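Protein chains in written order, with this note's numbering: chain A, 167 to 457; chain B, 215 to 810; chain C, 517 to 755.
In short, the hints are calculated from the structure, not lab data. As the structure is a prediction and not an experimental result, all values here were calculated from the model. There is no bait here: all hints are sound.
Partial chain C-side listing against chain B, Cβ under 8 angstroms, derived:
{"no.": "1", "residue": "N529"}
{"no.": "2", "residue": "P605"}
{"no.": "3", "residue": "L649"}
For lysine-lysine, the following DSS-like pairs were computed, each having C-alpha atoms within a straight-line distance of at most 25 angstroms:
{"no.": "4", "chain 1": "C", "residue 1": "K725", "chain 2": "B", "residue 2": "K640"}
{"no.": "5", "chain 1": "B", "residue 1": "K769", "chain 2": "B", "residue 2": "K737"}
{"no.": "6", "chain 1": "A", "residue 1": "K353", "chain 2": "C", "residue 2": "K622"}
Computed Cβ-Cβ distance ranges for the label pairs, DEER-style:
{"no.": "7", "chain 1": "B", "residue 1": "H674", "chain 2": "C", "residue 2": "Q524", "range": "46 to 52 angstroms"}
{"no.": "8", "chain 1": "B", "residue 1": "G786", "chain 2": "A", "residue 2": "T403", "range": "49 to 55 angstroms"}
{"no.": "9", "chain 1": "B", "residue 1": "G399", "chain 2": "C", "residue 2": "D689", "range": "55 to 61 angstroms"}
Even glycine gets a Cβ: it sits at the ideal position worked out from N, Cα and C.
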Amino acid sequence: MYLDILVSGLAVGCIYSLIAMSYSLIFRSSGVLNIGTGEFVMVGGLVGYSVISTLTTNYYLSIIIAMVIAGTVGYLANTLVFHPIQKRGGQDVHVLIASIAILISLPQIGALLWGAEPLSFPNNISQGQVNLGVTQISGMSFLIILLSFAIMIVFQVFFRFTRLGQAMRAIADDRIMSQLLGVNNHKYIAIIFLIAGGLTGIAGVLLGPIYYASYDMGTIGVKAFAAAVVGGFGNVTGAVIGGILLGLIEAFGGTMVSSQFRDLILYGILIAVMLFRPTGILGIKQRRDTA
Amino acid sequence: MMNQSVLKKYGTLIGALGILLVIALFVQSNYMLSLLSQAVIYTILAVSLQLIFGYAGQVSMAHAGFFGIGAYTSAILTYHYDWNFVLAFLMAGVVAAIVSLILSPMAKLGEIYFAMSTLAFNLILTIVFANGGNLTGGWNGLPGIPFPNIFGWVVDSKKEFFILASIVLIVQYLFMIRLTEGRLGRNFRAIRDNQLAASSLGINIGLTKIKGFILGCFWAGLAGSVMVHMYAFVSPEPFSFHESITVILMVVLGGLGSFVGALFGGFGITFLNEVLKEIPLYRPIFYGLFIVVMMIFWPNGLYGLVKKFQKQTKETLIKYTKINLSLKKYLSQSKDTNQTILKMDHVTKQFGGVVALDNVDLEVKQGQVFGLIGPNGAGKTTFINTITGLEKPTIGKVTFLDEDISGKPMYYVGAKGMVRTFQTSKLFNSMTVVENVMVGTSTILKNDIGMAILQNKEYHIEEQKAYSIAMSIVNLVGLEDKAFDLCANLSYGHRRLVEIARALASQPKVLFLDEPAAGLNLKERENLKDLIIRLRNEFGITIFIVEHDLNLLSKICDHMAVLNFGKKIADGLPQAVVNDPEVIQAYLGRRDKKHA
Amino acid sequence: MLNVEHLQAFYGNAQALEDISFTVNEGEIVCLIGNNGAGKSTTLMSISGIIKQKQGTIQFNGEDISQLPAHKIVSKGIIQVPEGRRIFPTLTVEENLKIGGFLKGKISKARLEEIYSIFPRLKERRKQLGGSLSGGEQQMLAIGRAMIGEPKLLMLDEPSLGLAPQIIDMIFDSIIALRKSGMTILLIEQNAELALDVSDRAYVVELGKCVLSGECEVLRNDQQIQSIYLGQHEQESVV
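Only chain A is shown next, with the shape it has when bound in the complex (with noise of 0.2 angstroms):
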């Protein structure tokens, strides 16, 4: 009984790993603050359910595909939303307003295209166990771990040893030095825009199965972005650390609360970080702009 709701829960926090680090990803490296980046996971979790239920039964092909899909939802909202407005002196405010602007019109298009009613992903799917010896657990969950910490493991090798890697940390560390080495940091910053997009696709896919695709589920942005600043907001290490433990606060938790008030488990942990410790768990310092 505890196993499962920790190896669920443990699912569930990978999930919210990756979102936040699509969060961190953004932020670090243009200042973004993408209020939006929970509409990215329902791109994703319906392109999937789509591509499942019509194109192929192959579920990790539906990851694929969601993936490039959300991947370039995020890299167009850089290149006609946030990149233009920077571009024209636009401050961070407005910046963050246009923000808002994706998180109310992306689902909207979400429930013109595949309807208000939740869809759920073939049974097939998420019934899998695995055998690990002594005991079984979920295979959808055990995918989830498995892939979720491929795709940590990725990013990591990708950041410290690649050229392109350690541009994007360049230009997280200073945008204009960056540049005036021969970073185009333009380029570069619409290439995160497309690589977080996918890692929320990913999410997206992957939560589908566990709950259901639907139009509203981009409120998870708002959990995903508790585990960003619980981990010390900006950080990718902290984003990892950060949704894996909120995500078992929440399996545990949501034991002994009923279903309708699960979702406060969360949302209050955000509020009380920040009344309490803004500087997250991880206690890294925010950037502090002085000029």
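Based on these hints, arrange chains B and C on the given structure of chain A.
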């Protein structure tokens, strides 16, 4: 002139009043009246969010939630507990304000954190409203909320509700204009323009934002009360975060920082909502596109557009006439030149591997002009930052008038009387020169929310005094013919003077000048020198100047210290310091070696 | 090589540069001197394409580069070491160096060794984070990081900033060594004496305008220059 200023101040209000009156007299259709009442209620919401967003600079995504808190408070008190409407109405505002008070520490955070946390809070509220059992009626809501009875006036027709809502809006509008006129209003605008400069003048930014947040939520609560009684029904839908975003849209459309804009935004979006009623699914998409296009091409809303056409460079409205006040009395400091006013013990400041300040001891006496020199990058600005609370010393202690102030926040240090200028002038660009200087008087004045709303005699006396002092200081620094110019249009040299004038208005005990001569021409440098000497001689203000120009400093300083790569290498009378071989060696770099 | 004519630059409404004109020939060290706030750093940031609101011409090897984005200007061979060095604090020393050669593709071990041979201190610290370095080490890293991009024109903004005299000597020795190897350098220094010592020609910038120019030898003996920029020394010698 008084009439003209009354017209300018209350013109919109009088106009709005007229329009509302005409509507009340002539519109008979219940549909129109109902729509208009709704527009008025949403406008109250928009105006209250304008205070939080446009003035206190916080994007609250929970405004509909606070609207809902007021609505449910009023509904529950009248429905379940048979309270009188008037009491329930006031309680609606108070409860919303109390809840916002609990959340208020968040108002100190950056705007993105505040936005996200308030979004979460609105989601929580929706869950609470929808699961409140018999108390809230759950998703089905509570029908049959009694009509208001206001001291015998039973409000039960559409027209009467329209009148009630209009009265609330007009009172609120008056409240907002007055609130943002005095000291608090100046502080709001100062914070919006430049937070760092505002806190250097002793303004507690967090507290100011919290005031805006709580008052805004109070009015949102009142609006909620009016709405539930009008519909005689309450349910969770109108208070979801989607509605919060609609209110944000109203404010953004009207333009941040303009109450007139919020009036237009409130009415405009309500009517647009009605027009788009037939296609509810497309409405959010349309609004989303609309917001994005606006943020790209037109980020300052209607108000910004009007401003652009006006091209106003001078503010002609003068609220007060200048009275003669003794500047000497206002600015003068203690004459006890033996007193140590500022002391640093073993102060070290480290940034990663760079030691910016290395074990610095220093003592400044009352009434001195104290010069700190050193080559660029020697740690002089870090030094000022560390004393004035922008940075915390890694090790060591800063004592100001026998009080340990190390690590205290900047506004605290500023309010104690240590006020600074910045290397690149940080002015409140949307305000005039004299208004900038008036912001400096913030810590001296007492008027706050209460006095600003009442605008009693005491308030006017204080404001007139602030204006007169500011004008005298503007004269003192020689900017009298620029007093009503917007700071955004000033030249570099004038900007630096405004910054000094603004700091002076806060009655500084120690005035810190960070490279005041940088970027000035020779004549301006001479004037600056004269001004500094005058401030010391006439008013006894202690002045701490940081410069790398030894030439300028050695002529005006009583005492000098030399900083090089973070270490103090000399400290004494100017003559002694410039003759110190170590100073010559270090400050002048390789000269000896080169010529050897 | 570099030819700047009537350059004007703006920050929003405020005009930061009014009229800057100067040339740098191949193999020269040219310095811009002037007071704080005169517009020297703004000039470099305009050439590098960081400041976009500008008028006038900036020609590099005969080509107008004034409208190019920053990264294109770097690819033409103009690399700046900005004021305050701007080391990437969360990247290691070696990663900082590699970013310096970003446009050169993969940086070979040999190339890194060349830089380490100029600044052996950097090799000792190559696994450390940039933010943990001392000021002098950061300056070495900043110059090394620019060198690895093989600039045709190296622009140095206040290399002596905040450094101890012996470190300044070291940095300037390396600048002189660079010139001997044929590097063209545009130097900004608040320490006019130091700048005039190492440079061939100098321009004096005041309030966003170039007011004076000439050979360093000549300028050093110029009465006006002495009184304004070397004035501190004059006063010293009087005492």
